[in-house]
Amino acid sequence: MPDGSYGIYPKPRALQISEILEVVQHYRTVALNAIQANFDGIEIHGVHRYLIDQFLKDRINDHRDEYGGSLANRSEAVGADRIAVQISPTIDHLDATGFNSLNLGLAVIERLNELQLKLRSKLTYLHVTRPRYHAYGQTESGRHGSENEETHLMKTSKKSYEETFMCSGGFTRELGTQAVAEGDADLVLYGHLFISNPDMVFRLRINVP
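Position one of the sequence shown corresponds to residue 1 (full-length UniProt numbering), numbered consecutively onward.
Heads up, some of the hints might be wrong.
The calculated lysine-lysine pairs, modelled on BS3-like cross-linking and capped at a C-alpha distance of 25 Å, are [what the hints assert, rightly or not]: (1) LYS155 <-> LYS122; (2) LYS158 <-> LYS118; (3) LYS122 <-> LYS158; (4) LYS159 <-> LYS118.
It should be emphasised that the hints constitute simulated quantities derived from the structure, not laboratory data.
Model the full assembly from the supplied sequences, consistent with the hints where possible.
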């Protein structure tokens with residue numbers, strides 16, 4: 001609020017099935033609007049504690065229906081109408097954590113593979129985000145872990161996903177080039193660096209700081 005105080009927020013609760021269907025329709029409407037506005041692409045942002053991420057993470061999702069409980073059920077939040085999907089199974093942003101990041105990521109990938117086979121259509125890409133590591137193995141979100149674990153997740157995800165795979169999260173020019181050269185990614189996304197360097201593409205091309 002302008003005076004520095006906090007507003008009054010309703011207590012979070014699980015969506016009813018009918019409400020989930022309404023949300024799906026909202027996503028569809030927004031995607032159609034973007035297409036009509038000549039957007040180049042649409043990515044479903046299933047990360048950073050937004051709605052889809054809340055369904056995927058077991059410490060938040062307390063549904064007792066077909067959208068909760070098992071990894072397969074929680075992955076139902078990734079539906080059949082996606083164009084491109086971004087997930088972050090290892091990021092614990094604002095306590096949006098999961099007990100087994102690798103299994104969560106692979107469950108979502110299995111769901112996407114099944115949908116693409118069933119519908120005979122492909123996503124433009126799957127985008128997996130990993131935390132950015134600092135000294136002592138601590139990520140920006142405060143979680144401690146091994147960067148080797150994140151590398152293993154990326155490699156395993158790329159091998160499991162059957163179509164175009166993009167990754168992001170703390171990649172330098174050297175690490176991004178290495179990931180593509182070694183077959184760990186088809187595409188590497190640069191976010192923070194691009195925001196502060198509008199000539200980022202030129203810098204990467206000629207290899208300057």
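Notebook entry, point to check: Straight-line Cα separation of LYS158 and LYS118 no greater than 25 Å?
Noted result: holds (21 Å)
Checklist line | Pairwise hint evaluation, LYS158 against LYS122, where the allowed Cα distance is 25 Å at most | finding: This hinted pair holds, its Cα atoms lying about 16 Å apart.
Next item on the list: Verify the proposed pairing of LYS155 with LYS122, using a straight-line Cα cut of 25 Å.
Entry: Within the cut-off at roughly 21 Å; holds.
Checklist line | Restraint status (C-alpha distance of LYS159 to LYS118 at most 25 Å) | finding: Since the Cα atoms of LYS159 and LYS118 sit roughly 20 Å apart, the hinted pair holds (cutoff 25 Å).
When the structure is compared with the earlier hints, no violation turns up for any of them.
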